[in-house]
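Enquirer: Hey, can you work out the whole structure from these sequences and the hints?
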Amino acid sequence: MREKLEQIKKKAMEAMEALHDLDQLEEFRVKTLGKKGELTLVLRGMGSLPPQERPVIGQLANEIRTALEKALGKKTVELKEAALEKRLEEETIDVTIPGKQPDLGKLHPLTKMLNELEEIFLGMGFDIAEGPEIEWDSYNFEALNIPQNHPARDVQDTFYINDNILLRTHTSPVQIRTMLKQKPPIKIICPGRVYRSDAVDATHSPIFHQIEGLVVDKNITMGDLKGVLDVFAKQVFGQETKTKFRPHHFPFTEPSAEVDVSCAICRGEGCRVCSHTGWIEILGAGMVHPKVLEYCGIDPKVYSGFAFGMGLDRITNLKYGIDDIRLLFENDIRFLKQF
Amino acid sequence: MLLPINWVKKYVEVDMSSKELADKLTMTGSNAEEVITLREGISNVVVGKILSVEPHSNADKLLVCKVDVGTETIQVVTGAGNVAAGQLVPVALHGSKLPGGITIKRGKLRGVESQGMLCSGEELELKDSDYPGAETDGILILQEYYPPGMDIKEALDLGGEVIDFEITSNRPDCLSVVGMAREIAAATGKSWSMPEIVLSPGVGSIENELQVEVENPDLCPRYLARVVKDIKIQPSPRWMRRHLAAAGVRPINNIVDITNYVMLELGQPMHAFDLDRVEGRKIIVRNARPGETLVTLDDKQRNLTPDMLVIADTGRPIALAGIMGGANSEITGETKQIVFESALFDGASVRMTSKKLGLRSESSSRFEKGLDINMALTAVDRAAQLVQELGAGTLVEGRLDVLGASTEKRKLTIQWEQINKLLALNLTAEQISGILTALGLEISVDGEYMTAIIPTYRNDIEGMADLAEEVARIYGYDRIPLTLMEGSASKGARTRKQKLIFSIKTALTGMGMHEAITYSFTSPHIYQKIGIGAADYPPVVRIANPLGEDQSIMRTTMLPSMLEVLSHNYNRRIENCSIFEINPIFIPKALPLTDLPDEMLTLAMGEYGENVDFYTLKGKVEVLASLLGLEDKLTFQPARHPALHPGRTAELLMDGKAIGLIGQIHPKTAENYETDAGTVLGELNLQAMLDQANTDRQYQALPRYPAVTRDLAFIVEKNVQAAEIAELIKKGGGSILEKVTLFDIYEGSQIPEGHKSMAYSLSYRADDRTLKDEEVNKAHQRIIDLLEKELGAKLR
Ligand SMILES: [Zn+2]
Numbered sequence: 000m001r002e003k004l005e006q007i008k009k010k011a012m013e014a015m016e017a018l019h020d021l022d023q024l025e026e027f028r029v030k031t032l033g034k035k036g037e038l039t040l041v042l043r044g045m046g047s048l049p050p051q052e053r054p055v056i057g058q059l060a061n062e063i064r065t066a067l068e069k070a071l072g073k074k075t076v077e078l079k080e081a082a083l084e085k086r087l088e089e090e091t092i093d094v095t096i097p098g099k100q101p102d103l104g105k106l107h108p109l110t111k112m113l114n115e116l117e118e119i120f121l122g123m124g125f126d127i128a129e130g131p132e133i134e135w136d137s138y139n140f141e142a143l144n145i146p147q148n149h150p151a152r153d154v155q156d157t158f159y160i161n162d163n164i165l166l167r168t169h170t171s172p173v174q175i176r177t178m179l180k181q182k183p184p185i186k187i188i189c190p191g192r193v194y195r196s197d198a199v200d201a202t203h204s205p206i207f208h209q210i211e212g213l214v215v216d217k218n219i220t221m222g223d224l225k226g227v228l229d230v231f232a233k234q235v236f237g238q239e240t241k242t243k244f245r246p247h248h249f250p251f252t253e254p255s256a257e258v259d260v261s262c263a264i265c266r267g268e269g270c271r272v273c274s275h276t277g278w279i280e281i282l283g284a285g286m287v288h289p290k291v292l293e294y295c296g297i298d299p300k301v302y303s304g305f306a307f308g309m310g311l312d313r314i315t316n317l318k319y320g321i322d323d324i325r326l327l328f329e330n331d332i333r334f335l336k337q338f
Numbered sequence: 000m001l002l003p004i005n006w007v008k009k010y011v012e013v014d015m016s017s018k019e020l021a022d023k024l025t026m027t028g029s030n031a032e033e034v035i036t037l038r039e040g041i042s043n044v045v046v047g048k049i050l051s052v053e054p055h056s057n058a059d060k061l062l063v064c065k066v067d068v069g070t071e072t073i074q075v076v077t078g079a080g081n082v083a084a085g086q087l088v089p090v091a092l093h094g095s096k097l098p099g100g101i102t103i104k105r106g107k108l109r110g111v112e113s114q115g116m117l118c119s120g121e122e123l124e125l126k127d128s129d130y131p132g133a134e135t136d137g138i139l140i141l142q143e144y145y146p147p148g149m150d151i152k153e154a155l156d157l158g159g160e161v162i163d164f165e166i167t168s169n170r171p172d173c174l175s176v177v178g179m180a181r182e183i184a185a186a187t188g189k190s191w192s193m194p195e196i197v198l199s200p201g202v203g204s205i206e207n208e209l210q211v212e213v214e215n216p217d218l219c220p221r222y223l224a225r226v227v228k229d230i231k232i233q234p235s236p237r238w239m240r241r242h243l244a245a246a247g248v249r250p251i252n253n254i255v256d257i258t259n260y261v262m263l264e265l266g267q268p269m270h271a272f273d274l275d276r277v278e279g280r281k282i283i284v285r286n287a288r289p290g291e292t293l294v295t296l297d298d299k300q301r302n303l304t305p306d307m308l309v310i311a312d313t314g315r316p317i318a319l320a321g322i323m324g325g326a327n328s329e330i331t332g333e334t335k336q337i338v339f340e341s342a343l344f345d346g347a348s349v350r351m352t353s354k355k356l357g358l359r360s361e362s363s364s365r366f367e368k369g370l371d372i373n374m375a376l377t378a379v380d381r382a383a384q385l386v387q388e389l390g391a392g393t394l395v396e397g398r399l400d401v402l403g404a405s406t407e408k409r410k411l412t413i414q415w416e417q418i419n420k421l422l423a424l425n426l427t428a429e430q431i432s433g434i435l436t437a438l439g440l441e442i443s444v445d446g447e448y449m450t451a452i453i454p455t456y457r458n459d460i461e462g463m464a465d466l467a468e469e470v471a472r473i474y475g476y477d478r479i480p481l482t483l484m485e486g487s488a489s490k491g492a493r494t495r496k497q498k499l500i501f502s503i504k505t506a507l508t509g510m511g512m513h514e515a516i517t518y519s520f521t522s523p524h525i526y527q528k529i530g531i532g533a534a535d536y537p538p539v540v541r542i543a544n545p546l547g548e549d550q551s552i553m554r555t556t557m558l559p560s561m562l563e564v565l566s567h568n569y570n571r572r573i574e575n576c577s578i579f580e581i582n583p584i585f586i587p588k589a590l591p592l593t594d595l596p597d598e599m600l601t602l603a604m605g606e607y608g609e610n611v612d613f614y615t616l617k618g619k620v621e622v623l624a625s626l627l628g629l630e631d632k633l634t635f636q637p638a639r640h641p642a643l644h645p646g647r648t649a650e651l652l653m654d655g656k657a658i659g660l661i662g663q664i665h666p667k668t669a670e671n672y673e674t675d676a677g678t679v680l681g682e683l684n685l686q687a688m689l690d691q692a693n694t695d696r697q698y699q700a701l702p703r704y705p706a707v708t709r710d711l712a713f714i715v716e717k718n719v720q721a722a723e724i725a726e727l728i729k730k731g732g733g734s735i736l737e738k739v740t741l742f743d744i745y746e747g748s749q750i751p752e753g754h755k756s757m758a759y760s761l762s763y764r765a766d767d768r769t770l771k772d773e774e775v776n777k778a779h780q781r782i783i784d785l786l787e788k789e790l791g792a793k794l795r
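Top to bottom, those sequences are chains A and B.
All the letters of the first sequence, read from the start, carry residue numbers 0 to 338 under numbering that gives the first Met the number 0.
All the letters of the second sequence, read from the start, carry residue numbers 0 to 795 under numbering that gives the first Met the number 0.
Think of the hints as simulated: they come from the structure by calculation, not from any bench.
The structure presented is a predicted model; accordingly, all values stated were derived computationally and were not measured.
C-beta: ideal position from N, C-alpha, C; glycine also.
There's no promise every hint is true.
Rough simulated footprint, nothing fancy, chain B against chain A, three-plus residues with beta-carbon under 8 Å [stated by the list, open to error]:
1. 135-149
2. 213-226
3. 237-249
4. 263-270
Expert: Written as C-alpha cells, this is what we have:
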C-alpha cells in the first residue's frame with residue numbers, strides 16, 4: 000500500500016511536469032485527486048488494511064495529497080502566467096502607426112502673442128483696458144495734443160467717417176477714456192485693433208493691432224519707463240536682450256523715445272531681420288505730455304506718467320519669423336495650425 | 000532731409016567720420032537713416048596733364064598720349080579726337096573704378112601699351128550741371144587748373160558724403176544746414192556759426208520799386224521783400240550747384256538756385272517774382288476771392304476759395320502763399336528785375352490750403368510745421384548777399400518788412416530740479432544750463448528757479464517737459480537709470496468679460512475650431528452676395544476716404560467674412576475647415592452718424608468637411624451655452640435668412656429674444672462664395688451672452704441611489720419637433736425624470752409615409768431613495784399617455 004502510494008505520487012509528479020495547458024491540468028487533477036481519482040481509490044481501499052496501519056497510511060496519503068495539491072497550485076499559476084504571456088504576445092500592435100488625433104483648434108497667432116504679452120504686464124500689475132474702434136476725433140487726436148491741421152496727423156493717415164468721427168489710428172484714446180474716468184494711480188495696457196490708410200503689402204496692413212501702456216501716479220520718472228520696458232523686452236525676447244532708447248517726437252509724450260531691442264536672431268551681430276544693424280525698433284514711448292494730463296483733468300504738477308505703444312502684428316511676426324503681414328489676415332488653415 | 004557734410008562743415012567743425020556723426024546724432028534726436036557716399040562708383044580717377052599726343056602706329060583712329068598724373072608720367076591710348084598737349088583731363092588709372100562697376104586695367108591697344116584711360120563726362124556719369132561741357136562728346140577737358148594727380152572727385156567737388164536724416168515734425172529748424180550745424184555742435188561740444196552776411200550798398204531805394212500790403216496779418220505775421228534789377232539769368236556757380244545736387248535739389252538757374260540754396264541753408268522758404276509781371280508793382284497778401292483761379296508753377300489750374308491765403312498784385316493772385324508760385328509771375332530767361340519774398344505764413348492755414356488743393360511742396364511742408372519769424376529777415380538778406388556774390392543782378396537798396404507779430408523771444412521759468420525729478424537724474428544747474436545754452440537758449444539760474452529765453456526758431460519748447468527732453472537727449476537717454484516705480488500696488492487682473500472671452504476661445508479651440516482674424520471693413524456688395532435684397536440693406540457706417548470700395552463700410556455682419564475664409568481654404572483643397580472669430584460689428588444708432596455706433600461683440604463660426612452638419616455646429620453652441628451657464632435661457636427655433644438653407648436654419652433665442660443664427664448655407668450662397676455646399680455658419684451676439692453669463696457654480700451632491708433606465712420608441716408625424724416631444728416627456732416624467740436622451744430617429748420601411756420613429760432613453764432617479772418599479776411605471780405611463788394624447792404618438 001505504501002509503495003503504491005509512493006508510486007502514485009512519483010507518477011503524478013512526473014505526469015504533471017509534462018502538462019502544458021490549463022485544461023490538461025484540470026483533467027489531470029480530476030484524474031489524480033478527484034472523487035474517482037487514483038488517490039481516492041487507493042484511500043477507499045484502506046478498509047482492507049490492518050487497523051494499526053490505517054493512521055500511518057492515512058497520514059501518508061494526506062501528505063501526498065497536500066504535496067500534489069501544492070504542486071498543482073504552483074503549476075496552475077505557471078501555466079496561467081504562460082497563457083497570459085502568450086495572449087499578450089498575440090495582442091502586440093505596431094506602436095509606430097500614427098495615433099488617432101482629436102481635432103485641436105488653435106488660437107490665432109496674434110491672440111497667442113497678445114496673451115503672452117498680457118501675462119507679462121498683468122504680472123507687473125497692469126490692468127487691461129479696452130475701448131471702441133470707431134472714435135471721436137477729439138479722443139484720437141485733440142486730447143493727445145494733435146490739433147486740427149497739425150502736421151503730426153500726416154504720420155497717421157486716417158480713415159474718417161465724418162469730421163468728428165474716425166477709425167482710431169492707435170489705442171491711445173483708450174488711455175484718454177481711462178484718465179477721464181479714473182483718478183491716478185493708473186496702470187493699464189490697452190490692446191486693440193487700429194486703422195491707418197496704408198495700402199496692403201508685405202509689411203503694411205490698413206488694419207493692425209497695438210498694445211499701448213499707461214502709468215500715471217506721483218513721482219513717475221523716465222527711469223521707470225526704461226525699467227518697465229527693459230523687464231518687458233527681456234521677458235519677451237530673452238534675458239540677454241538689451242534695450243536702446245533713442246530720442247524721438249510724439250505730440251502726446253515729452254520726452255519721447257523710440258525703443259530698439261537687440262536682435263534675438265543674430266544676438267546683435269547683424270542679420271537680415273534687423274537690416275544688419277543688430278537692433279530692431281519695436282516701441283514708441285515717452286513721459287505723458289503735461290497737456291494730455293491737463294486735458295484729462297489730472298494736474299501735471301502733482302502727477303507724472305509714462306506711456307508706450309507697440310505693434311502686436313510686428314512683434315508676432317518677429318517672434319514667429321512670419322515674413323508677410325498678409326498671412327495674418329488670410330486665415331489659411333495650414334498657417335493657423337502652425338501655432 | 001539730406002545733409003551734405005561738406006556744406007555743414009562751413010558752419011561747424013566735424014572731427015569724426017560721417018558714420019560716427021550719424022550714430023551720434025541718432026542718439027541725440029536726429030535719426031540718421033543712411034550715410035550716402037556721393038559718386039561711390041568712381042575711384043582712383045585723377046587729374047592728368049597731357050604732355051604729348053602722337054598718332055598710333057597701328058590704328059588711324061587712335062592716339063597715344065603721355066600724361067602727367069602727379070606721381071609719374073604714364074602712356075595712355077585714346078580714341079577721342081579732342082585731346083591736345085597741355086590739357087587737363089580726368090584719367091582713370093590702373094585699377095580704378097568707374098560708375099556701373101567698370102574696372103580699368105592696364106593693357107595693350109593694337110600692340111601699344113596703355114596704362115589707363117582718359118575719361119569723358121559720360122563715362123564719369125556727369126551732367127552739364129555737374130560740370131560745364133560734361134555732356135559734350137569726347138574727353139572731358141577741364142577749364143580750370145588743378146594739380147595733376149588730384150582726385151577728380153575732390154577737384155570737381157563731386158564726392159563727399161550726405162547723411163539722410165529723419166527730422167520729426169516738431170523740429171523744422173533742423174530742416175536746414177545751420178540748424179543741423181547747431182545740433183552737431185550741441186551733440187559734440189563744438190561751436191557753430193551762422194553765415195556772415197555783409198552786403199555792399201545797393202542802388203536806388205526799394206520804396207520806389209515796390210509796395211507790400213498784408214491784409215491778413217493773422218495768416219501772414221511777417222512779409223519781407225527785396226528787389227534786384229539788371230538780372231542776368233545764367234547757371235549758378237559749380238559750388239552752389241554741387242551743394243544743391245548733394246541735398247537732392249536740381250540746379251536750374253542762378254535766381255532759382257539762390258532761393259533754394261537759402262531755404263536749404265537757413266530753413267526759410269523763399270520765392271522770386273518777375274517784378275515786371277507784378278501788376279501795379281504792388282504785392283498784396285490777402286485771402287482769395289470767390290471764383291479766383293491760379294495756374295501754379297506746375298502748370299495746373301487751381302480753383303481758390305476764400306479761406307486760402309494768396310499773394311496777389313493789384314489785379315490777380317500771383318502765388319499760393321507758402322505753397323507755390325504762379326506761372327503768371329514766374330522767372331524766365333527774359334526776366335530783368337525780381338522780387339525776393341521771404342515771409343512767415345501760418346502753418347495751419349498753409350496745411351489746410353495744401354490739403355484742399357492736393358498740392359504739397361518743400362515750402363508748404365516747412366511752413367506747416369511753424370517757422371522762425373526772425374529767420375525770414377536773415378534769409379532775405381542772405382539771398383541779397385548771394386546775388387551780389389554771384390553777380391546775378393544789381394541789388395536795390397533797402398527791404399520792405401511788414402511785421403504783424405512780435406519778434407521777441409519767449410521766456411520760460413521753471414524749477415530746474417523738476418527736470419531731474421522727471422528724468423531720474425541728478426544733474427546740477429550748471430550741467431542743465433550748459434546743455435540748454437549749447438542749443439541756443441539763454442539761461443539764468445536763481446536758486447531753485449531757472450529762466451530760459453527761447454530762441455524764435457524753437458517754437459516747440461513750451462514748458463518744463465520740453466526743456467527736460469532737450470537735457471535728456473543731449474545728456475544721453477542711455478545714461479538715465481533703469482528703475483521700477485514705487486508707489487501704490489495695483490492688482491493687475493483681467494476683467495470678467497476678458498476672462499470669459501478667454502475661456503470661450505479656449506473652449507472653441509478645444510472643440511477643434513481655429514481662430515480667424517479678418518478685416519472689419521468690407522464691401523457694400525456683400526449684402527447682395529449673401530442674398531439680401533436692396534430694400535433690406537441695413538444702415539451702415541461708411542468710411543469717407545476708404546482705400547477702395549471693397550473696404551468702404553464697417554461690417555454689420557461677420558457671415559461674409561466667415562464665408563470668405565472658408566472659401567479661401569476650400570479653394571486650396573483643404574478638406575476640413577472649422578473656424579471662429581470674435582470681434583465687434585458696427586451698428587449705427589442713427590444716420591448720418593452723430594454719435595459713435597454700437598460696437599457689438601460678435602462670435603462668428605463656420606465649418607465644412609467630413610462629419611460636419613447643422614448639428615455639429617449647434618452642439619458647439621450648446622457647449623458654449625453650458626460654459627456660460629445659459630443652457631436654461633437659450634432655445635432654438637426654425638428661422639429664415641437669405642444666406643442660409645430655409646429648412647436648416649435656427650434662430651437662437653435668449654429669454655425669448657433673438658441673439659443669433661445658425662444654419663447650413665443656401666446653395667446660392669455656396670455658389671456665390673465658391674465654397675462647400677455643406678458649410679454651416681453661425682453668428683451670435685456674444686455681448687448679450689456675456690452680459691447674461693453666470694459662471695458661478697455650486698456643488699451638487701453625487702447621486703446616492705441607483706437610476707432606473709427605460710427606453711421609449713414611438714411613431715409620430717414627421718413635422719413634430721424634438722423640442723415639443725422633449726417638453727411633453729419632461730412634463731409627464733415629473734421630478735423623478737433625471738435625463739432624456741434621443742438616441743434614434745428613423746424613417747423608412749415599416750414606418751408609415753409622413754411619419755418618423757423616435758427612440759428615447761429615459762433615466763429616472765430620486766435623491767432620497769431607491770425608486771420602486773411602480774413609481775417609475777406610473778411616470779412612464781404618464782409620458783406615454785401625454786404623447787399619445789397630444790401628438791397622436793403610437794408606441795412601437
Ligand atoms: Zn539680427
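Enquirer: None of the hints should be skipped; say for each whether it holds.
Expert: Against the structure, the hints come out as follows:
no. : hint    : result
1   : 135-149 : holds (count 5)
2   : 213-226 : holds (count 11)
3   : 237-249 : holds (count 6)
4   : 263-270 : violated (count 0)
Violated hints amount to a single one, hint 4; each of the other numbered hints is respected by the structure.
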